[in-house]
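Undergrad: Sequence:
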Amino acid sequence: MRHRPNYLAGFGSLIWLFLVGLPLYVMLTATLRTQSDYSTSGPLSFPTHLTLQNYLDDFSNGFGRDFLNTIVVTLSVVAIVLLVVPPLAYAIVRSRHRTMGTVFRIFLLGLAIPAQAVIVPMFYVISKAGLYDNLLGIILPTAAFCLPICTLILTGAMRDITPDLYEAMSVDGASPARVFRQLVVPLSKGGLSTIVVFAALQAWNGFLFPLVLTQSDSTRVITLGLFNFQTEHGVDVPALLSAVLLSMLPILVVYLFARRALVRGLMGVGGK
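Numbering (the UniProt record's numbering), first residue to last: 1 to 272.
Honestly, the hints are just simulated from the structure, not real lab data. There could be a bad hint or two in this list.
Distance windows between CB atoms, simulated [unchecked claim]: (1) F257 with L28: 21 to 29 Å; (2) G64 with G173: 48 to 56 Å; (3) Q116 with N228: 16 to 24 Å.
If you're wondering where the values come from, they're calculated on a predicted model, not measured in any experiment. Backbone N, C-alpha and C fix where the C-beta goes; we use that ideal spot for every residue, glycine too.
Go ahead and model the full structure; you've got the sequences and the hints to work with.
TA: Here you go:
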């Protein structure tokens, strides 16, 4: 049986493709043209002369250092989250002690506290600890604000593991540590991927903590580097967009490799 083509759906797809493709076209072409060409011809015109000078200027202005600092912050935050959250979530799910329930509720309270509300005491604590203008002063607060939501996500993923599997391993004489390594971690890949991507995004896109807790160029991260493209004389749009494009690539790669597990984790199926 032949079906009639859905012209309305095809037309809607073309509109959606145009809406998605136009910003990408503007950004990509802008990175390959000079500031004078962009200002004269407008953002929608095709560049008359292609150039990679914007990318070279970005690195000559310290973008490479900002990029490396951001990678250090992101990897450190993800490492802290992976070190703390999985055993904590496992203890919350499997423990029958009231203390763990209290700990879980305290973590949930952290979801209601915005970073802007504690930035002043945070600045005081970081300064007194001697971590001001230090990457560690960015890493620790960022990781701390990732812990509540990451704990909530991974706890939900671990609760999807059926009790029969826990009991089967217990009957085999497996210790809690062995159950965690051989059962919980493999069946929680969706949740683990979700918290990794979430923590990486929070660290990579963080702006408030680097802005308040650092001041020197040696500790500058990408978000502050992009902010510095705006001066009192205007904005170099092609150079800014080329830096934005470069800053997007690592997170895009992380998402491409983790997208399936990420979707499963967000759906709450615990990677099963």
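Undergrad: Give a verdict on every hint.
TA: Hint-by-hint comparison with the structure:
Take F257 and L28: their Cβ atoms lie about 23 Å apart, and the range 21 to 29 Å holds. Restraint check, G64 to G173: a C-beta distance of roughly 53 Å satisfies the suggested window 48 to 56 Å. Distance hint for Q116 and N228: a CB-CB separation of about 22 Å, consistent with the stated range 16 to 24 Å.
Of the hints listed earlier, there is not a single one the structure fails to meet.
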